[in-house]
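Q: These are the residues of each chain, in order.
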Amino acid sequence: MEILKKIAQCLEVGDDAGVPPLVRQALAEGIVAKTILDDGLIAGMNTVGEKFRVHEIFLPDVLLAAKAMYAGMDVLKPLLLSAGVSSRGRVVIGSVQGDLHDIGKNLVGIMLKGAGFEVIDLGNDVAAEKFVAAAKSHDACVIGMSALLTTTMPVMKEVVDLLNKENLSGKIKTIIGGAPVSQNYAGEIGADAYGYDCAQAVAGVKKLAAAVP
Amino acid sequence: MALRPQLKFLSAELLERIVAEARDILCRLGTKVQNPRVLEMLAEHGAKVDFEKSQVLYTNSLLDRCLKSVPAQFKLYDVLGNETHDFSGSKIHFTPGSAALHVLDHQTQKIRKPDTTDYVRYVQLLSGLSHIASQSTAFIPADVAERVSDSYRLFLSLLYGEKPVVTGTFTIESFQVMRDMQLAVRGGEKELRAKPLTVFSCCPTSPLKWSEITSQNVVDCGASGIPVEFISMPLSGFMAPVTLVGTLVQHTAETLSGIVISQINSPGAPVLYGGSPAVFDMRYETTPMGAVETQMIDCACNEIGKYLGLPTQAYISLSDAKMLDAQAGSETAMGATLAALSGINNISGPGMLDFESCQSLEKLVLDNEICGMTLRLVQGIEPREDFPARPIFEELLREQHLLISPHTRRHLKSEHYFPGPVIDRANLSRWREEGSLTLGQRAHQEVERLVGAWSPSRLAAERKKELCALMEKEARRWGMDMLPARPVEA
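Protein chains in written order, with the numbering used here: chain A, 2 to 214; chain B, 1496 to 1985.
In short, the hints are calculated from the structure, not lab data.
Backbone N, C-alpha and C fix where the C-beta goes; we use that ideal spot for every residue, glycine too.
The list that follows gives simulated cross-link-like pairs (lysine to any residue, SDA-like), each with its CA atoms no further than 25 Å apart:
hint	chain 1	residue 1	chain 2	residue 2
1	A	K172	A	E119
2	A	K207	B	L1898
3	A	K158	B	S1924
4	A	K78	B	I1899
5	B	K1908	A	A18
6	A	K52	B	S1924
7	A	K158	B	R1925
8	A	K207	B	S1924
9	A	K207	B	R1925
10	A	K52	B	Q1936
11	B	K1959	B	S1644
12	A	K207	A	P79
13	B	K1608	B	A1985
14	B	K1801	B	D1559
15	A	K35	A	R91
16	A	K208	B	S1924
17	A	K68	B	H1902
18	A	K68	B	Q1895
Quick partial rundown of chain B residues pointing at chain A, CB under 7 Å, derived from the structure:
hint	residue
19	L1898
20	I1899
21	T1903
22	R1904
23	N1922
24	S1924
25	R1925
Extracted from the complex, chain A is given alone in its bound form (with noise of 0.2 Å):
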């Protein structure tokens, strides 16, 4: 369909102002909503995603897509909503208690919301029990947690000790990044995954999301 692509050209240039009127007329046009979000937005999004992953764009692209797709997001929500069509999935994200840091974890939560999930941003400074009574009051199926200071790691450890306790860990799964953090630190205390940059944490966040029953 060509109005799809047109309008994941759009997205991916960056044109924040285009996107909604493609996506109207491909409603007009009787696409369905579903459709216009994986076919055009998404598919969009994934093409930007690898076009940033082999250094072709850079993060301001990136992100300039990810506004793009927000104003398609924003024709597109009242109808999904009405159609029963739930999001990707629900993201806690936050750094953790003692961190003040939080521009990583601000780009992953622009970078999730252009993937098209629900983000939840809880700001820095985030205990672990906040991190997991968001999770349950917003049924969300992913906790990304990030961590600048090696002191304020166990908190993710915390995290996911309470999961555990609370029989959610099947439920809820556990991502975690920031610079001390590392793949053998999420196996040391039981994370579900890791992700050295914000395009790792979006691919570790969908797997995570299409596991979660």
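Starting from the known structure of chain A, arrange chain B on it as the hints suggest.
A: Positioned in the frame of chain A, the structure of chain B alone reads:
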């Protein structure tokens, strides 16, 4: 306009004294010129010539006259006739180190003799290295007769590449065919003179001597309007005074004598005030190009050339290391940085290892990034849309980041230089995930990618045919019935 960062080593007083002393050397001690035809020309133009000893004493009025006629700037054009080089002011251009005997083989990590396939791959690679503005005839394929090894390099460069070529002859006889190849590319003598395609390196022999071949090359190039770069090579402590100033006096005298040889027969002939001076390492009996003093001399020579009103050249972004190792990177980067800050117009060296005798394709990839960084460096720091500063900070405080700010998008790619994958900027996890590649491995991947991405030169097919005919004829002249097979179609 941004302030152009500029490096200087010589005070005005010292500079003038060095030039005055060099003039005194030329007028009182003179140079040898082992070429009867050039000796006659020099005598005709007022030099005192002892034909028996091939010795020439210059005069200040002859030096003044030649310095007056030599152009302050000139341009180069690629094989298609597009302008690529403006040798003027402090504008800088990089060119690979030239005429290596060997290449470093990435697969075996051994230094070996190169062949035609190596040379074609080199030209293909260089076509994709955007910060190295010209080709040089970087190494000498060993699978052709020695008498054609100079013209053969130029032939392959003009056949496969589009960038102009820094080259040179090894004999007087080769000049003709190397000129004819350029005429074939340009279409005629007038066209070649209007749009120079090559620069010929011509080297005096230290101390204070011009051989028959190189002095003839200078004259022949001048007569055809082919630019020359003088490559004086005093060796501090051996074939030149051990002091840097003494070496500079000798370099100045040798190069000034070259200017005279160039200008007496062809006033206005384009030249680069260049060189490859070096200190002499008294422990290893070698000529380290990566030595800090060598690089200081190069930069000071540039100051003298600029003082005399000429565009400049130097061999200064290369290394004495035998592998693509930390020494190779550090010596090359230091040289390139100093050269760029000095404003040396034609900076020779990228790709070169082992005292100008070994080229490495992988090092060319690394050096291309070094060149890119130094090209950014000399653009300096320039206010763009920075004042008043308050609006962008209001935006920052409001949005909490400036990643998609129109200001960022407008200036990102001109303010920040983004190197290719040979420069590692990944975080540790990503670097590991991508195979924990060493610099050499990343550079090799880039070599293969760029060689694979090469597309044939857009030079017209009939001109390529003419080039082939010229080369085949020249090869036959020196006993080669067939040229080596070439790995890809031109």
